[in-house]
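Quick note, the sequences are listed as chains F and G, same order. With this note's numbering as the guide, the letters of the first sequence map in order to residues 1 to 465. With this note's numbering as the guide, the letters of the second sequence map in order to residues 1 to 465.
Since the hints were derived computationally from the structure, they do not count as laboratory data. Heads up, some of the hints might be wrong.
What the hints assert, rightly or not - Heads up, simulated PhoX-like pairs for lysine-lysine below, C-alpha to C-alpha not over 25 Å straight-line:
#1 F:K25 / F:K228
#2 G:K228 / G:K211
#3 G:K104 / F:K456
#4 G:K406 / F:K354
#5 G:K354 / F:K354
#6 G:K393 / G:K354
#7 F:K354 / F:K104
#8 F:K211 / G:K456
#9 F:K406 / G:K94
#10 G:K354 / G:K406
#11 F:K406 / F:K419
#12 G:K406 / F:K94
#13 F:K211 / F:K10
#14 F:K406 / G:K354
Stated by the list, open to error - Short derived list, chain F residues pointing at chain G, Cβ under 8 Å:
#15 I194
#16 D311
#17 T320
#18 A370
#19 R377
Just so we're clear, the structure is a prediction, and the values are computed from it rather than from any experiment. A virtual CB, placed ideally from N, CA and C, is assigned to each residue, including glycine.
Number of protein chains: 2
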Amino acid sequence: MKLRTEWIDKRKNESNQSQMHLARKGVVTEEMRFVAKREGLDPEYIRSEVARGRMVIPANICHPNLEPMAIGINALCKINANIGNSALSSSIEKEVQKLNLAVKFGADTVMDLSTGTHLDETRTAIIEHSPVPVGTVPIYQALEAVHGKPENLTPDLMFEVIEHQARQGVDYMTIHAGVLIENLHLVAHRLTGIVSRGGAIMAQWCLHHRKQNFLYTEYHRLLEICKKYDVTISLGDGIRPGCLADASDAAQFAELDVLGELTLRAWDENVQVMIEGPGHVPLDQIPMNVEKQIKVCHEAPFYVLGPLVTDIAPGYDHITSAIGAAVAGQHGAAMLCYVTPREHLGLPDLDDVKQGVIAYKIAAHAADVARHRAGARDRDDAISKARFVFDWKKQFELSVDPEHAKALHDETLPDDYFKEAEFCSMCGPNFCSMHLSQELTNLGQENQEMRIQKKKERQERLLKA
Amino acid sequence: MKLRTEWIDKRKNESNQSQMHLARKGVVTEEMRFVAKREGLDPEYIRSEVARGRMVIPANICHPNLEPMAIGINALCKINANIGNSALSSSIEKEVQKLNLAVKFGADTVMDLSTGTHLDETRTAIIEHSPVPVGTVPIYQALEAVHGKPENLTPDLMFEVIEHQARQGVDYMTIHAGVLIENLHLVAHRLTGIVSRGGAIMAQWCLHHRKQNFLYTEYHRLLEICKKYDVTISLGDGIRPGCLADASDAAQFAELDVLGELTLRAWDENVQVMIEGPGHVPLDQIPMNVEKQIKVCHEAPFYVLGPLVTDIAPGYDHITSAIGAAVAGQHGAAMLCYVTPREHLGLPDLDDVKQGVIAYKIAAHAADVARHRAGARDRDDAISKARFVFDWKKQFELSVDPEHAKALHDETLPDDYFKEAEFCSMCGPNFCSMHLSQELTNLGQENQEMRIQKKKERQERLLKA
Numbered sequence: 001m002k003l004r005t006e007w008i009d010k011r012k013n014e015s016n017q018s019q020m021h022l023a024r025k026g027v028v029t030e031e032m033r034f035v036a037k038r039e040g041l042d043p044e045y046i047r048s049e050v051a052r053g054r055m056v057i058p059a060n061i062c063h064p065n066l067e068p069m070a071i072g073i074n075a076l077c078k079i080n081a082n083i084g085n086s087a088l089s090s091s092i093e094k095e096v097q098k099l100n101l102a103v104k105f106g107a108d109t110v111m112d113l114s115t116g117t118h119l120d121e122t123r124t125a126i127i128e129h130s131p132v133p134v135g136t137v138p139i140y141q142a143l144e145a146v147h148g149k150p151e152n153l154t155p156d157l158m159f160e161v162i163e164h165q166a167r168q169g170v171d172y173m174t175i176h177a178g179v180l181i182e183n184l185h186l187v188a189h190r191l192t193g194i195v196s197r198g199g200a201i202m203a204q205w206c207l208h209h210r211k212q213n214f215l216y217t218e219y220h221r222l223l224e225i226c227k228k229y230d231v232t233i234s235l236g237d238g239i240r241p242g243c244l245a246d247a248s249d250a251a252q253f254a255e256l257d258v259l260g261e262l263t264l265r266a267w268d269e270n271v272q273v274m275i276e277g278p279g280h281v282p283l284d285q286i287p288m289n290v291e292k293q294i295k296v297c298h299e300a301p302f303y304v305l306g307p308l309v310t311d312i313a314p315g316y317d318h319i320t321s322a323i324g325a326a327v328a329g330q331h332g333a334a335m336l337c338y339v340t341p342r343e344h345l346g347l348p349d350l351d352d353v354k355q356g357v358i359a360y361k362i363a364a365h366a367a368d369v370a371r372h373r374a375g376a377r378d379r380d381d382a383i384s385k386a387r388f389v390f391d392w393k394k395q396f397e398l399s400v401d402p403e404h405a406k407a408l409h410d411e412t413l414p415d416d417y418f419k420e421a422e423f424c425s426m427c428g429p430n431f432c433s434m435h436l437s438q439e440l441t442n443l444g445q446e447n448q449e450m451r452i453q454k455k456k457e458r459q460e461r462l463l464k465a
Numbered sequence: 001m002k003l004r005t006e007w008i009d010k011r012k013n014e015s016n017q018s019q020m021h022l023a024r025k026g027v028v029t030e031e032m033r034f035v036a037k038r039e040g041l042d043p044e045y046i047r048s049e050v051a052r053g054r055m056v057i058p059a060n061i062c063h064p065n066l067e068p069m070a071i072g073i074n075a076l077c078k079i080n081a082n083i084g085n086s087a088l089s090s091s092i093e094k095e096v097q098k099l100n101l102a103v104k105f106g107a108d109t110v111m112d113l114s115t116g117t118h119l120d121e122t123r124t125a126i127i128e129h130s131p132v133p134v135g136t137v138p139i140y141q142a143l144e145a146v147h148g149k150p151e152n153l154t155p156d157l158m159f160e161v162i163e164h165q166a167r168q169g170v171d172y173m174t175i176h177a178g179v180l181i182e183n184l185h186l187v188a189h190r191l192t193g194i195v196s197r198g199g200a201i202m203a204q205w206c207l208h209h210r211k212q213n214f215l216y217t218e219y220h221r222l223l224e225i226c227k228k229y230d231v232t233i234s235l236g237d238g239i240r241p242g243c244l245a246d247a248s249d250a251a252q253f254a255e256l257d258v259l260g261e262l263t264l265r266a267w268d269e270n271v272q273v274m275i276e277g278p279g280h281v282p283l284d285q286i287p288m289n290v291e292k293q294i295k296v297c298h299e300a301p302f303y304v305l306g307p308l309v310t311d312i313a314p315g316y317d318h319i320t321s322a323i324g325a326a327v328a329g330q331h332g333a334a335m336l337c338y339v340t341p342r343e344h345l346g347l348p349d350l351d352d353v354k355q356g357v358i359a360y361k362i363a364a365h366a367a368d369v370a371r372h373r374a375g376a377r378d379r380d381d382a383i384s385k386a387r388f389v390f391d392w393k394k395q396f397e398l399s400v401d402p403e404h405a406k407a408l409h410d411e412t413l414p415d416d417y418f419k420e421a422e423f424c425s426m427c428g429p430n431f432c433s434m435h436l437s438q439e440l441t442n443l444g445q446e447n448q449e450m451r452i453q454k455k456k457e458r459q460e461r462l463l464k465a
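Same shape as in the complex, but just chain F (with noise of 0.2 Å):
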């Protein structure tokens, strides 16, 4: 017996399984009691964020093995890591162990955006092994199925893919329905086009047949499936900025309008929606980019691609991103898409995965820090104390990463006496500032006297000054 099996069969008979439709209805469902519990949140009040939509649940009827989690700006801040082959490289067994690794250190959801060959085996194997939401990039297999030429994708045989994968198990979906043909010229000046592989594809349909986006014109089919499996609408932005040149320019914020609009549409019918964003964002513009999604797509959940703040680091955009990302998070981004080491340069191996998901809990967490959460810093104050009274091995095991930091530490002083010792080697023992500021609490409380004084002599000599 799976965690919700029995929850989603005794809501078997409802007309729209989404956890929407049921928080609307007044329901406060066994996923929101769960998603309150790790949220130290109020069962009733996820239910109303739900309702209005500004925390989506992605939680598939058919991912019973999922233990539900919220995305939304009154949640803790979550990470994504996206997984998946490509034609070039990987296997089932790696990315399961990619999985594995990336919620290890801390993944709150996964996408698998394999292409290439085995894309159904693959899909499958990950949502039995994920304890945590998946989402996919329908679009992906689609093309697969047209054998790469994106001007013989159809409607029928997209929303097919869509059913498809929904009947798996996906919890969330990336639908580039916000790139219109009648913004696409709003690329041309760009530095550096379309980046989104979805955008592009979609772009290219439809200036190959004259014709309007069908995920626009037929949304109403998506969300059809959306409320039999209740999954999750990840509206892409294909025409996301992909160099710091192009951010925040016209064709961006156009297709964040359509997403607007799109949203209004799916909680009108009880479908849970959240936006995605960019990618690559001058510093000084990210707190503007996320203010105005939250404006334009009515709160609906922002999930964004980093973003990174410079184009000049390919090897280190874990760490591009990660700043960018900390800054999203601290504006009100709820969920931060990792980007690995790896990006611009090839598919992430298994420590680029652990690499991506390590920044990124640290910017998710030290947004949570800036957004003062309730008990966000209880870690940070936990882990500081053990550091204080050089409890080494405390620090380790409170740490992101406990066996690195261990490794790091045990370099230079590898024998178990020094787990007790009041110093590292950084400083040696005589310069332990921490050693030397535990002498001085005793010290100290002596000279309370003597403090009054110099700061009455110190007083004086400014006045004379």
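With chain F fixed as given, assemble chain G onto it according to the hints.
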């Protein structure tokens, strides 16, 4: 003949050797011209910034092989790399290697924070090999001279060490003159007390002797030495917070007030000053911290250590702190002191130095872009153009670490053929958005009329809805 030999020689009769003294006399020095060229600014503007104290050019007259650089809010954001051995690790040769590596990857200054033995030889070797300003914390050598017993420090010993290091050519020195005895009680409530080594040493001295900090009471002796050699004072934040919980507290800001006072006293003697800052600060408090320093310290350049935006990631503190550093730089910090992955765990090795410098180069560059400095984004645009046209070689060349970017790319597609390929292993040939996007540009130009028609249709539909 070294770069500065003649420049220095012709000024040897000046009563005060400092760049500030000369700037205030209206002299545009060769150092200022050199800096102006590097910064793309007018030499007279550099002079005026140095004269008002908003910019420093750390350039000891005994460091003739220095290639002058400037630190200030109106110059490019700079980064410092701490190197140096400790009683437990490293060697002179290793430290020179660290220097070379740091400079190769873009460190604008280095600090030799050596403790333990061979201090003079190490420092001499670093200065001789360094084209960038070298900073030190003289109290470390003074403490070694009294065998690690802070209470045995004397003013005479301290100023002797300072003059000795000035004669060796140290360009700037961290001086913990702001740690006042009457403020020490303010750290009693803290989670991690005093985490600055120099701060802890001076606090111990004060409490042991029940006397005021002699670096404060005999500050004039420091100024005399600085005038003689043009040593820039880096006023240490001995009471900086060592964890998020202690950030922005009364102890920190009481010291900052003292640093503001000491800034004016240095400027009265035409001595160059910058101000050191924290440390560990939640993301949302960073702008306030920078703005406060600028105000309290009369625009003297702010030189921050990180700050780390969370305490939970030992082993990854180059990332936790690069986030804070980028935001600090964006808001006006003039120099960012790097933190390596080894922070809190041990003395950085060569790879730690490299990782720290690169993370900070990213942070400083992101800050420059965010501050809209002229030309700051040029390199981003150039690399993005190369990316868009699949010029892999140029993309590698323009990146912060070309060898690393190429190595990551080559792991999956090693053949030279792929350096011209219009895809990488991330997406493979059919899914490359950049490739699709290029095709689009050609298609797009034929479609003006259709675009206008479709826009009209959508508007009509929206009006009806």
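Results of checking the hints against the structure:
1. Between F:K25 and F:K228 the CA atoms are separated by roughly 17 Å; this keeps the pair inside 25 Å, and the hint holds.
2. Of the pairs offered as hints, the one joining G:K228 and G:K211 is violated, with about 29 Å between alpha carbons and a cut-off of 25 Å exceeded.
3. Simply put, G:K104 and F:K456 have alpha-carbon atoms about 51 Å apart, too far for the 25 Å limit, and the pair is violated.
4. Using a Cα cut-off of 25 Å, the hinted pair G:K406 and F:K354 holds, with the two alpha carbons roughly 21 Å apart.
5. The suggested pairing of G:K354 with F:K354 holds, with an alpha-carbon distance near 20 Å, which does not exceed 25 Å.
6. Taken as a hint, the G:K393 and G:K354 pair is honoured in the structure, with Cα atoms around 22 Å apart against an allowance of 25 Å.
7. For the suggested pair F:K354 and F:K104, the alpha carbons sit about 9 Å apart, so the restraint of at most 25 Å is met.
8. Under the criterion of a C-alpha separation no larger than 25 Å, the hint pairing F:K211 with G:K456 is consistent with the structure, at around 13 Å.
9. With a C-alpha separation of about 24 Å, the suggested pair F:K406 and G:K94 falls inside the 25 Å cut-off, and the hint holds.
10. With a CA separation close to 17 Å, the supplied pair G:K354 and G:K406 stays within the 25 Å bound.
11. In summary, the hint linking F:K406 to F:K419 is supported, as the alpha carbons are separated by about 10 Å, within the 25 Å threshold.
12. For the hint pairing G:K406 with F:K94, the CA-to-CA distance comes to about 24 Å; that is within 25 Å, so the pair holds.
13. Only pairs whose Cα atoms come within 25 Å are accepted, and F:K211 paired with F:K10 is rejected, the gap being roughly 43 Å.
14. Of the supplied pair hints, the one linking F:K406 and G:K354 holds, its CA atoms being roughly 21 Å apart against a limit of 25 Å.
15. The interface hint given for F:I194 is met, as the beta carbon of that residue sits about 4 Å from the closest beta carbon of chain G, less than 8 Å.
16. The interface hint given for F:D311 is met, as the beta carbon of that residue sits about 4 Å from the closest beta carbon of chain G, less than 8 Å.
17. Residue-level restraint check for F:T320 holds (minimum Cβ-Cβ distance to chain G is 5 Å; threshold 8 Å).
18. Satisfaction of the interface hint for F:A370 is found here, the shortest Cβ-Cβ separation to chain G being roughly 4 Å, below the 8 Å cut-off.
19. For the restraint placing F:R377 at the interface with chain G, the shortest Cβ-Cβ distance is roughly 6 Å, inside the 8 Å limit, so the hint holds.
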